[in-house]
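*Asks:* The primary structure of each chain is shown beneath.
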Amino acid sequence: MVEKEKKVTIILFSGEMDRALAACNISIGARTMGMDATIFFTFWGLNFLRKDKPYLKNKNLLQRVMAILNRGGRKKAPLSRFNFLGVGPELMGIMMKNQNMLSLEEAFRTAKDMGVKMIACTITMGVMGLSEKDMEESLVDEYAGVATYLYEANRSSITLFI
Amino acid sequence: MVEKEKKVTIILFSGEMDRALAACNISIGARTMGMDATIFFTFWGLNFLRKDKPYLKNKNLLQRVMAILNRGGRKKAPLSRFNFLGVGPELMGIMMKNQNMLSLEEAFRTAKDMGVKMIACTITMGVMGLSEKDMEESLVDEYAGVATYLYEANRSSITLFI
Amino acid sequence: MVEKEKKVTIILFSGEMDRALAACNISIGARTMGMDATIFFTFWGLNFLRKDKPYLKNKNLLQRVMAILNRGGRKKAPLSRFNFLGVGPELMGIMMKNQNMLSLEEAFRTAKDMGVKMIACTITMGVMGLSEKDMEESLVDEYAGVATYLYEANRSSITLFI
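Protein chains in written order, with our numbering: chain H, 1 to 162; chain D, 1 to 162; chain S, 1 to 162.
Everything labelled a hint here was simulated from the structure, so no lab data went into it.
Predicted model only: the values in this text are computed from it and were never measured.
Glycine included, each C-beta is placed from N, C-alpha and C at the ideal position.
Fair warning: there could be bad hints in the mix.
[Unchecked claim] If you want the ones that stay clear, here's a sample from chain S, every Cβ over 12 Å from chain H, calculated:
1. Val-2
2. Arg-19
3. Phe-161
[Unchecked claim] Covered stretches of chain S, going by a simulated chain D footprint (3 or more residues, C-beta under 8 Å):
4. 46 to 55
5. 58 to 67
6. 117 to 127
7. 135 to 149
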């Protein structure tokens, strides 16, 4: 039998701005209520932990292609609907501001400041053409694999795949 | 330590017809087996709780644009694949009927009649350009934020993000 | 009150190669750590349990159309981003190989060999134009509906919708 703590563990797989916002908002809400919160970033979700510019040294051709396709990190993330070649995220950004909602950048910083644990998936970093030099040290708490995720999630009262 | 009840709590973030159907079918199945079921509608998922026509009074320009882009509610929801400018949902609708499966509209009404609790996320309603006047009173049980979601989900044996 | 076991139960709804890989990697990781793992395949996820060629006998016109649109099973699955008319999956396949990561086909076979339980959702098979003759017997452990899913998920320490 497993014992559960008041804790939310989220896998952030998606690269879309609105889905990342949902992950941040749930995590910030959890911390506000005294719960633990961990986000495990994998596949396209890794873009949210990246620096703006891709680090291209010591990478093979394909890793460079992937790094450039995905460039921009948090600032270039599309919307999951009505993206309209980048107009959608701008529009949603303005509406969020009008509603006094945190922007994506602010949401990540706030989550971090409130103690949301952010783990970058080492297995998929290579597949996405990313090395530790691409990642923002001020955001990443830990580089780890699926075993760490399972350990965290097993004890969590809420598990989500976003 | 957290105690868990036989209960499913779903966040419906997506605006696609097939994903909403999955949320309804899981919730209806849970109620049939005597479990509790709650769906928390946020971002594009809020479209499934809307009236067909957008309510445009007392809205600023951007809120109107968002409300009109998203118009149609349950009836205009696209498929997550093979949408083909709206032909996909029609096709799937016919196949569902041939299989005696509930249509999206019927699935929502059945879920409601069977006691599935439906909560509209107040934080994202503003961002999507929605006010309570846009929402179908016969479907929404409660307007609430992330704290309510976390309270429900902490006690739930099954938590999903759709 | 519900008792939880160390077990992950995943609904695989999506038809994308990268999401299916995530489902396999989490399940394989769980089995490696001695946990139970079940994947419940529904809607587009059913494509991953299919034979390459659609079985067209005894099907009506619409079922044939759906079966042909979805043809190819594991081998034709698109990426959730940067699909580029099929170039994306090839590219990711090469990067996965360079990182000694299992291919999608290997991931499914490995998951199966390690005892990941694979259940095909009977309710949605009809809607997707699929019969048991379309499915690969070597992968499917069970044909079942939402009640079976709920039974498995209620006891699971980790529940995910992918």
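*Asks:* Check each numbered hint from earlier against the structure, then list the numbers of those it violates in ascending order.
*Replies:* 1, 2, 3, 4
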